[in-house]
Amino acid sequence: MAHATTRSLITRLGPLTLERPVLLAPLAGWTDTAMRRISRRYGAGMVFSEMLSGEGVRRKNEKTRKMAGFHAEERPYFIQYFATSPEQAADAASRLRDLNPDGLDLNFGCPVKKIILNQGGAALLKDVGLLARIVEAAVKAVDIPVSVKVRSGWDRRSLNAVEVARAVEQAGAAWVTVHARTRNDFFEGRAHWEWIGEVKQSVKIPVVGNGDVRTAQDVVTLLEQTGCDAVMIGRSAMGYPFIFREIDHLLLHGENCPAPTPGERLAAAEQHLLWLVEFFGDERRGVLEFRKHLLAYVKGLHGCARFKTNAMQLHDLNTVLSEMRAYLGSLPDVPVARPASALDDAPVWS
Numbered sequence: 069m070a071h072a073t074t075r076s077l078i079t080r081l082g083p084l085t086l087e088r089p090v091l092l093a094p095l096a097g098w099t100d101t102a103m104r105r106i107s108r109r110y111g112a113g114m115v116f117s118e119m120l121s122g123e124g125v126r127r128k129n130e131k132t133r134k135m136a137g138f139h140a141e142e143r144p145y146f147i148q149y150f151a152t153s154p155e156q157a158a159d160a161a162s163r164l165r166d167l168n169p170d171g172l173d174l175n176f177g178c179p180v181k182k183i184i185l186n187q188g189g190a191a192l193l194k195d196v197g198l199l200a201r202i203v204e205a206a207v208k209a210v211d212i213p214v215s216v217k218v219r220s221g222w223d224r225r226s227l228n229a230v231e232v233a234r235a236v237e238q239a240g241a242a243w244v245t246v247h248a249r250t251r252n253d254f255f256e257g258r259a260h261w262e263w264i265g266e267v268k269q270s271v272k273i274p275v276v277g278n279g280d281v282r283t284a285q286d287v288v289t290l291l292e293q294t295g296c297d298a299v300m301i302g303r304s305a306m307g308y309p310f311i312f313r314e315i316d317h318l319l320l321h322g323e324n325c326p327a328p329t330p331g332e333r334l335a336a337a338e339q340h341l342l343w344l345v346e347f348f349g350d351e352r353r354g355v356l357e358f359r360k361h362l363l364a365y366v367k368g369l370h371g372c373a374r375f376k377t378n379a380m381q382l383h384d385l386n387t388v389l390s391e392m393r394a395y396l397g398s399l400p401d402v403p404v405a406r407p408a409s410a411l412d413d414a415p416v417w418s
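Each residue of the sequence shown is one higher than the one before, starting from 69 at the first, in our numbering.
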């Protein structure tokens with residue numbers, strides 16, 4: 069049942085005024101420029117690049133540079149990266165500033181072993197002093213806002229999100245995003261939203277809540293329970309940019325809007341594919357990158373298993389478009405709600 073409360077969508081995060089209080093999370097391997105554009109079109113208030121390596125930026129790695137590229141439609145757009153030293157953070161920030169994003173986001177929440185072994189991401193939650201110096205160095209290196217994304221601690225015995233948030237506030241961060249799990253939780257168990265509320269009560273900079281936000285109602289509940297300024301969502305937007313439309317409608321009108329029809333899914337998927345091909349300038353590369361997105365777009369629809377098996381064999385743009393139109397066009401064009409289980413096996417690293 070929808071919540072009856074309505075509210076304005078306008079939100080302030082540091083120096084930025086956002087049209088909506090919902091941000092698309094940076095998701096490794098997913099939030100490419102096309103996903104970001106389609107998310108903005110359907111109502112995301114802000115989008116982020118996939119997480120980049122500060123060292124990769126310093127070394128002028130071509131893949132890293134390509135990942136940082138964006139389209140004007142994506143604005144406001146932040147580039148997220150991780151750094152392991154103040155010097156690396158400042159140098160990378162200066163180089164990324166040349167790409168003219170609206171801001172930068174430092175990641176201290178990534179739980180992936182490869183990043184942790186490099187003393188990046190959530191590893192820095194164990195050294196708050198160094199973490200703060202990294203933030204301060206990045207802030208001083210650029211004239212655009214620098215935000216920070218953290219987890220609530222390394223493990224349940226060392227919950228330090230409040231300490232970290234105060235430290236990054238002192239270091240000049242524009243706002244802090246808190247994922248309500250520890251590093252050792254990865255994505256297991258439930259997110260403890262009360263930890264977000266504790267951070268919100270402890271700092272003056274804006275706080276963005278993140279973790280277990282699957283529905284529009286979850287956004288409303290998280291905002292009300294924690295008092296956070298905005299919400300960041302990731303997995304719930306994979307193949308389903310309509311989540312942003314649903315959030316808009318619930319916040320503005322206090323009621324749920326209809327789920328997307330197969331025809332609406334087709335329109336979004338087609339645009340997503342065409343933007344990927346445009347970005348890469350290579351039809352085959354665009355189609356290959358789109359495959360995982362296509363599987364997410366059709367998840368939960370009648371007959372999707374057979375379609376997905378066939379779709380994974382396709383390499384040609386026109387054939388993919390034809391197959392999508394044939395499959396989605398064969399379904400009754402009525403609203404189809406996404407099943408609650410749709411996100412259970414969704415991969416995410418952020």
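Hints should not be assumed to be uniformly reliable.
Said to hold, decoys possible - Subject to a maximum C-alpha distance of 25 Å in a straight line, what follows is the list of computed BS3-like cross-link-like pairs (lysine-lysine):
(1) K360 to K182
(2) K272 to K208
(3) K208 to K194
Stated by the list, open to error - Quick list of simulated restraints, FRET-style, between CB atoms:
(4) K208 to G371: 27 to 37 Å
(5) L198 to A373: 23 to 33 Å
(6) R75 to K134: 37 to 47 Å
None of these hints come from the bench; they were simulated from the model. Virtual Cβ for every residue (Gly too), placed ideally from N, Cα, C.
To see whether the hints hold, each was checked on the structure:
1. Between K360 and K182 the CA atoms are separated by roughly 23 Å; this keeps the pair inside 25 Å, and the hint holds.
2. Taking the CA atoms of K272 and K208, the gap is about 20 Å. The hint holds against a cut of 25 Å.
3. For the suggested pair K208 and K194, the alpha carbons sit about 23 Å apart, so the restraint of at most 25 Å is met.
4. Taken as a hint, the range 27 to 37 Å is violated for the pair K208 and G371, whose Cβ atoms sit roughly 56 Å apart.
5. In this structure the supplied range 23 to 33 Å is violated for L198 paired with A373, their Cβ-Cβ distance being about 48 Å.
6. Remark: the range hint 37 to 47 Å for R75 to K134 is upheld by a beta-carbon distance near 38 Å.
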